[in-house]
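Engineer: Throw the hints in and build the complete structure from the sequences for me.
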Amino acid sequence: MNLQVSSIVIEVGGRRLLRAGDLRFERGVVNCIGGRSGTGKTSLLRVLIGGQGASLAEGTVRFQGEDANGFRPKAGNDIVLMQQGAPLWPQWTALENTWMPWAVQNGVYGFWRRKRTAQTRGAKRLEELRLSREIWSRSPSRLSGGERRRVALAAALVFESGCLLLDEPTANLDRDSTEVICSLLSRAAKNHLIIVTTHDPDLLARDDGWVQFRIEASDSPESESQLIPMVLT
Amino acid sequence: MFSLLDSYRDVFRAAVISTLWLNSLALLFGLPLALTLFALRTSRIATIRFAAAAVNELLKGLPALVVMFWLFLCLPLVSSWRVSAGTAAIIALALNYAVGAAEILRSAWQAVEPDLRNGLGLQGIPRFAGLAFFEAPLLITSAAPGLLAQLATTIKLSAIAAFIGYEEVFHATQGLIQQTYRPVELYTALAFFYVALVLAISGCEAAFRRFRAVPVAPDR
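From first to last, the protein sequence lines are chains A and B.
First residue of the first sequence? That's 1043 in the numbering used here, and the numbers climb one at a time after it.
First residue of the second sequence? That's 2 in the numbering used here, and the numbers climb one at a time after it.
Read the hints as simulated data drawn from the structure, not as lab findings.
Being a predicted model, the structure only gives us computed values, none of them experimental.
Here a beta-carbon is modelled for each residue, glycine too, at the ideal position from N, C-alpha and C.
Be aware that one or more of the hints could be misleading.
What the hints assert, rightly or not - If you only want the chain B side, here are some residues facing chain A, beta carbon under 8 Å, derived:
id, residue
1, 114
2, 116
3, 117
4, 119
5, 123
6, 125
7, 129
8, 130
9, 135
10, 138
11, 139
12, 142
13, 145
14, 147
Structural biologist: Structure below.
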C-alpha cells in the first residue's frame, strides 16, 4: 500500500497554494505532515482523496501505483478522510456516529446487511480509544472537544480502509488522550497507510515509526508553499 | 358553574371533531406544500430558488383571514367556482402553515455544518443513502419543534373559520352564547380547549425529543 505524488501543484480558488516534488507515503509508518495554518495541509488531503475545494494544477498522484488524477472515493474504495474539526451528526449518539457512515456506504440495502457488524466495529473502536460506555449514548453536543475528535477518529477507523487521511486528529486533546491516539495510529500503521496533518509539537517531534514531512511557507504571498520530507535529528 | 357544558355536550363534541378535522386537513395539505417550497428554495438552480422565494414572500404577506374571505366570497364572483366554507378555511390555513413551515425547514437546513454534508461524499456514501440516513433525519430532528409550534399557531388561528360560518369550536361557542347569555363559562371553556390542545402538541414535542435520545447500541 503506497501513495505517491510527483511534481504536484495544488490550486485553491485559482491560487497556486502548495507544490511538492516526488514524495512517497508508505504503509508501516505514520506519515506526519506539519506546517503553519493556511499553507495547504487540508488542501493536500482533499486532493489526495479527490474531494471538493482543492484541485491538482500540475503533476500526478498515484495510489497503489495507479494514476489517481480525477480519483473520486466510491463505496468500497479504500481511502477515508477524518475532517478537521471532527464534524459529527447531531441527531445521532456518539456510538451511532461511529458505525452509521460505514454501514450506509453501500447504500440503503447494504445498510441492513452491514448494520450488526458496523455496530460491533463502532463499539470496538470506541473501546480502543478509551471512551467509556457512558459516553457512547451521548449526543455530540454533550461531548467535549477531545471526545468529539476521538469519536470522529473511531468513525474513520471503522471503515478499516487501506488508507486513512487524518486532518489534525489530536487538536484540542490533552496529553494523555494524544498519547492514546498516537499509539493507536502507530499500531494501525502496520495495516494501513496513514497520513496525518498536525500543528501539535508532540506529534511533530515523534520519530518512533513516524516519518515527518513539513510544509514550508513561501516568503511571498504570490508563490506557493512547499512540501518536503524532514529528517529529525 | 360549568354544568352548562354538560347540557351541550353533543354540540361541543361535534364542534371539537370539526376543529380537529379542519386542522388535520390543513396539516395534511400544508406539510407537503411546505416541503415543496423548501426543496425549491434550496434548489441548485438560481431561477427556481428566486421563483420559490417570490411565491413564499407573496404568501407570507397574505393574511389567512383575507385568503379565506377571498376564496369564499370573491372567487364565486369572478369565476364559476364555488368554494365551501370548510374548503376555503383548509386552503387558507394550509397556505399559512406551509409558508411558516418552509421557513423553519430552510433554517434547520442552513444550520447543518457544510463539513457534515461534504463528509458524506468524502466517505463514499451514495447521495440517496446520505439523504435518507443523515440529512433527512437531521432535518426532521431539528425542524420538528418549530413545525409543532407552527401547528399550534395554526390551531389557534383556525378560529377564524367561524367568520365564514364553518361549524368549528369557536363558531359553536358563539352560537351557544347567543342562546344562553353565559359568555364567562363558555369562553373560559373554549380557552381551556385551545390550551389543552396546544399542551398536547407540546407533549408530542417532548416525547419526540425523548425518543430521539434513545441510543442504538450494538446487540450483545
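Engineer: Hints first: check each against the structure and report whether it holds.
Structural biologist: Structure-based check of each hint:
{"no.": "1", "hint": "114", "result": "5 Å, holds"}
{"no.": "2", "hint": "116", "result": "4 Å, holds"}
{"no.": "3", "hint": "117", "result": "5 Å, holds"}
{"no.": "4", "hint": "119", "result": "6 Å, holds"}
{"no.": "5", "hint": "123", "result": "5 Å, holds"}
{"no.": "6", "hint": "125", "result": "4 Å, holds"}
{"no.": "7", "hint": "129", "result": "7 Å, holds"}
{"no.": "8", "hint": "130", "result": "5 Å, holds"}
{"no.": "9", "hint": "135", "result": "6 Å, holds"}
{"no.": "10", "hint": "138", "result": "5 Å, holds"}
{"no.": "11", "hint": "139", "result": "5 Å, holds"}
{"no.": "12", "hint": "142", "result": "4 Å, holds"}
{"no.": "13", "hint": "145", "result": "10 Å, violated"}
{"no.": "14", "hint": "147", "result": "15 Å, violated"}
In terms of the numbered hints stated before, the structure departs from hints 13 and 14, listed from lowest to highest.
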